[in-house]
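All chains, full assembly: derive it from the sequences and hints.
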Amino acid sequence: MNRQFVAVCVGLMLAAGSNLALAQDGAALYKAKTCWSCHGKDAKTPILPIYPKIAGQNKEYALTQMKDIKSGARSNGTSAAMKGVMHLVSEEEMATIAEWLSTLEP
Amino acid sequence: MRGSILTSSFIAISIALCGSAHAWNEGGGEQDEALHLTPDLENGMDVYEVCSACHLPEGWGTEEGTFPQLAGQHKEVMIKQLADIRALNRDNPTMYPFALPESIGDAQALADVVAYIEKLPMTPENGKGEWAEGTPEFENGKKLYVDNCVKCHGDDGMGSREKFYPRINGQHYNYMVRQFEWIRDGKRRNANPEMVEQIKRFTDADMKQVINYTSRIPVPKDQVAPSVDWMNPDFE
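Keeping their order, the protein sequence lines are chains A and B. With the numbering used here applied, the first sequence has no gaps in its numbers, which climb one by one up to 425 at the end. With the numbering used here applied, the second sequence has no gaps in its numbers, which climb one by one up to 239 at the end.
Hint data in this document are derived by calculation from the structure and do not stem from the laboratory. Note that the structure is a prediction, hence the values are computed from the model and not measured. Even glycine gets a Cβ: it sits at the ideal position worked out from N, Cα and C. Honestly, I wouldn't trust all of these hints.
[Unchecked claim] Just a sample of chain B residues kept apart from chain A, beta carbon distances all over 10 Å, derived:
#1 E29
#2 L44
#3 P100
#4 P104
#5 A135
#6 P196
#7 A208
#8 V231
#9 P236
[Said to hold, decoys possible] Derived pair list, reagent style DSS-like, types lysine-lysine, alpha-carbon separation capped at 30 Å:
#10 B:K122 - A:K360
#11 A:K350 - B:K131
#12 B:K154 - B:K166
#13 A:K402 - B:K224
#14 A:K378 - A:K402
#15 A:K350 - B:K122
#16 B:K224 - B:K203
#17 A:K402 - B:K154
Here is the structure:
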């Protein structure tokens with residue numbers, strides 16, 4: 320077995336492993352950071368009709384909104400409700416949640 | 004001109020005074036109704052599921068204080084706070100949708116869920132301030148507590164269900180600091196005006212020290228869960 324082939328195999332295994340870890344982390348964070356309280360367990364059954372369904376959302380968009388609501392750059396609409404919990408979520412965790420949300424069926 | 008300014012100031016102050024007295028405990032309506040209904044604990048458990056997403060199935064909230072511990076709280080206090088949040092007398096945008104009748108239900112559901120929550124055992128490890136017993140900060144906090152808080156919240160921190168004063172023993176430090184600050188600075192609009200008056204001269208340091216002491220008042224053993232790993236069997 321040549322060295323390059325082994326490296327590729329190991330790389331693929333790591334990538335598959337980390338995707339799985341990411342999915343588990345994303346789902347766990349979505350619950351632990353209380354996102355699901357408002358957006359629903361399936362991320363598409365919000366508690367109020369004026370809250371968004373976020374399953375299948377583009378990850379870049381979701382991440383930007385999370386960052387802006389946390390920083391206060393976005394303060395319109397009902398974002399005050401979310402700002403109350405955003406100090407619990409680091410930027411890395413936001414990225415993990417956004418990535419996971421983007422994989423869900425809208 | 005001067006007279007009219009004085010008159011309008013007087014009117015403004017009168018409105019402010021009436022407003023705050025009114026906002027502290029309006030009573031009536033669903034609050035009174037819920038207080039007098041016989042609770043159904045089974046239904047209370049069902050209603051609590053939506054609350055448990057943030058306050059946790061055990062009702063312990065979070066040690067870092069984003070969400071308060073509800074377990075063991077007087078049901079009268081919780082009815083008042085829920086009614087106040089519903090009526091927009093207490094600003095809490097995160098909690099607001101969960102307090103709505105669409106989420107919780109009618110006065111009977113209110114009575115059911117608070118009766119269920121009050122019976123939950125409390126966390127053995129609530130969030131505490133940084134100063135252990137014996138430090139000067141702890142002692143100063145204790146003195147402040149005795150001089151300012153005991154009359155209403157009691158030396159054991161149990162408050163008074165009849166008067167809608169919350170129990171504050173076992174509550175998380177950060178949560179209490181936040182509420183204390185909002186009450187002192189007028190941000191929490193349903194605060195008791197007597198408390199606003201009582202604490203208006205507290206510095207931030209005094210505030211942290213008195214809450215540090217409060218967070219360390221022991222909770223009666225029979226009201227505490229056997230371990231920090233206890234899980235509410237109703238939600239397994």
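Results for each hint:
The claim that E29 of chain B is not at the interface with chain A holds, since no C-beta of that chain comes within 10 Å of its own (minimum 24 Å). The Cβ of L44 of chain B lies farther than 10 Å from every Cβ of chain A, with a closest approach of about 23 Å, so its non-interface assignment holds. Residue placement check: P100 of chain B does not keep its beta carbon more than 10 Å from all beta carbons of chain A (closest about 5 Å). For P104 of chain B, the requirement that its beta carbon stay farther than 10 Å from each beta carbon of chain A is met, with the minimum near 13 Å.
Remark: the non-interface label on A135 of chain B is consistent with the geometry, its nearest Cβ contact in chain A lying 26 Å away (cut-off 10 Å). Against chain A, the non-interface label of P196 of chain B holds: every CB pair exceeds 10 Å, the least being about 26 Å. For A208 of chain B, the shortest C-beta to C-beta distance to chain A comes to about 23 Å, beyond the 10 Å cut-off, and the non-interface label holds. At roughly 17 Å, the least C-beta separation between V231 of chain B and chain A is larger than 10 Å, which holds for a residue marked as non-interface.
The claim that P236 of chain B lies off the interface holds: its Cβ sits roughly 20 Å from the closest Cβ of chain A, which is beyond the 10 Å cut-off. Restraint check for K122 of chain B and K360 of chain A: satisfied, since their Cα atoms lie roughly 27 Å apart, inside the 30 Å limit. Of the pairs offered as hints, the one joining K350 of chain A and K131 of chain B holds, with about 25 Å between alpha carbons and a cut-off of 30 Å not exceeded. The hinted pair formed by K154 of chain B and K166 of chain B meets the criterion: a straight-line CA distance of about 12 Å does not exceed 30 Å.
This hinted pair does not check out: K402 of chain A and K224 of chain B have alpha carbons roughly 36 Å apart, beyond 30 Å. The hinted pair formed by K378 of chain A and K402 of chain A meets the criterion: a straight-line CA distance of about 19 Å does not exceed 30 Å. Annotation: proposed proximity of K350 of chain A to K122 of chain B holds, straight-line Cα distance about 25 Å (limit 30 Å). A hinted pair counts as satisfied when its Cα atoms are at most 30 Å apart, and K224 of chain B with K203 of chain B does not qualify at roughly 34 Å.
Restraint check: the Cα-Cα separation between K402 of chain A and K154 of chain B comes to about 36 Å, which exceeds 30 Å; the hinted pair is violated.
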